[in-house]
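Protein chains: 2
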Amino acid sequence: MLPGGRLLVCGVGLIGGSVAAGLREQGAETIIGVDTDRQALAAAQRAGLIDATGWPDDLGPTDLVLIAVPTLTVASVLAELWDGERGVLAGGAVVTDVASVKQSVLDAALASCGRMPANLVPGHPIAGSERSGVAAARADLFRGHRVILTPVEQTAAAAIDRVRAAWEALGAEVCTMPVADHDRILAMTSHLPHLLAFALVDTLGRVPEHEAVFRFAAGGFRDFTRIASSDPVMWSDIFAANAEAVGGILDALERELDELRALLDAGDREGLRSIFTRAKALRDTHVIGASSRD
Amino acid sequence: MLPGGRLLVCGVGLIGGSVAAGLREQGAETIIGVDTDRQALAAAQRAGLIDATGWPDDLGPTDLVLIAVPTLTVASVLAELWDGERGVLAGGAVVTDVASVKQSVLDAALASCGRMPANLVPGHPIAGSERSGVAAARADLFRGHRVILTPVEQTAAAAIDRVRAAWEALGAEVCTMPVADHDRILAMTSHLPHLLAFALVDTLGRVPEHEAVFRFAAGGFRDFTRIASSDPVMWSDIFAANAEAVGGILDALERELDELRALLDAGDREGLRSIFTRAKALRDTHVIGASSRD
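Protein sequences, first through last, are from chains A and B. Okay, so the first sequence: first residue is 417 according to the working numbering, each after it adds one. Okay, so the second sequence: first residue is 417 according to the working numbering, each after it adds one.
This is chain A alone, in the form it adopts within the complex:
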């Protein structure tokens, strides 16, 4: 993919660096990086992930722009790429992003460009790590993972095809869905679990003897809280951008916790066992079965 083409990576972190590394292997001619973090840019250059830095004046027909910045920074990058109809986005370059919330990208496009450009393809790779930063970048980060694209009516089919082909070149499986479906599903499978992990760790941190408490945490706790080591900036953006969908599934979870609390208080082992049995069956069926993919 990107044969002879240039890749512009806006935001050289875990995701931007991993796309750069992967598309380098797939024959990208030149990779240009921009980032407000000069150390990240320098590290990416030292690692051979990018060849040049700075906003390019023009991009050609086989080029691709990847926006890989925290969700609420997408607007400012789009503004830079649009640049009052003088920028590369206004000029027709194919642009995609990787934000974990998609409605906010549509909102950002309206705010920054005045409309949804046909060559902007909102996207989201369902891959990542609690590690962040370009030092954690890996060319195979997306292999076997899903990428969700959420094009809208105005989005050009050729632009979707270009973005799809780039992700497929990295070994990802690409699907499309409506923006609202994406944001609701991700609130359930990703955003709420992160909120719970942050909440649990912070709750235990407020216990006076928390050091002793953490000392007796074992593998189950380590796995359960792994996502609480995720980047706080990225995640505060995601929650601010998807507050309504997260609030909806948090309501449902709190109702479930109320139900469990009532069973606990009543000492109702059968009631607890019934819910645990249902949860175990769901996970064993739907999550274990999918493990080779994720």
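Hints are computed from structural coordinates only; laboratory data are not their basis. Values in this document were obtained by computation on a predicted structure and should not be read as measured data. In this text, a Cβ means the ideal position worked out from N, Cα and C, and glycines have one as well. Warning: the hint list may mix true and false statements.
[Unchecked claim] Partial pick of chain A residues on the chain B-facing surface, computed with a CB cut under 7 Å:
| no. | residue |
| --- | --- |
| 1 | Ile542 |
| 2 | Val595 |
| 3 | Ala596 |
| 4 | Leu612 |
| 5 | Thr641 |
| 6 | Ala659 |
| 7 | Leu669 |
| 8 | Glu672 |
| 9 | Asp674 |
| 10 | Leu680 |
| 11 | Leu688 |
| 12 | Asp700 |
For this one, chain A is given, so just place chain B on it according to the hints.
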């Protein structure tokens, strides 16, 4: 350890089978298994983990009894071992258990024996797996893991030493603490995370399109919900036995979720970021640092 001695394993599942496998390597002469599940006993015999089945009439001075059954089944096993002062527990055999709640073991001893026998050493290995059953047993399951013993005033020092030596022979690090401390700490680091994992998976299972939802769950979700694949019987017993301590930390978590909800509703990125930053620092300091141990 257990040189020339016999081991009686009451409950031949993941934990009982793993202790049997480990102490076999350490020179246990004979391993006897009892279990209400005949298939588990047969599997353990086929795997060479146990040599004989059935309650022994007597046990000698170098023997050890391990109770590895669901928490609320400990009482009936203790009653069998006590047998109106005619059983091996009444006869002085050193007995330990592995239940995840310790107060309920003390209660069970009072109910089954009329007192806390000096040769009964309550214990809990902080190791395990979402897998259960003897087929998952491994001789090295406890290597590098902590085991908490919660002896009481009446417990004989020699009995504690025997149990400690057995766990150390399996590569575990043994410590002691008061019963109440154990039950409170485990409510925080193990029981509440399990409740949240079961609750989240069951909540998502109630969403009409839950199959589509689970399809887009990635590695973070898989790790976060791994413990929701745990044994429902074991866990309903644990929650029934430790309801008060679990309820206390669940209260604290729900207050934290209320706080996060208010920040979400207000779109307060700074407030969210501040909590996430604190949680990430706590986990990176206290949990990552402990990862080689667990």
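* Asked: Looking at the structure, which of the earlier hints fail to hold?
  -> Hints 2, 3 and 9 not satisfied by this model.
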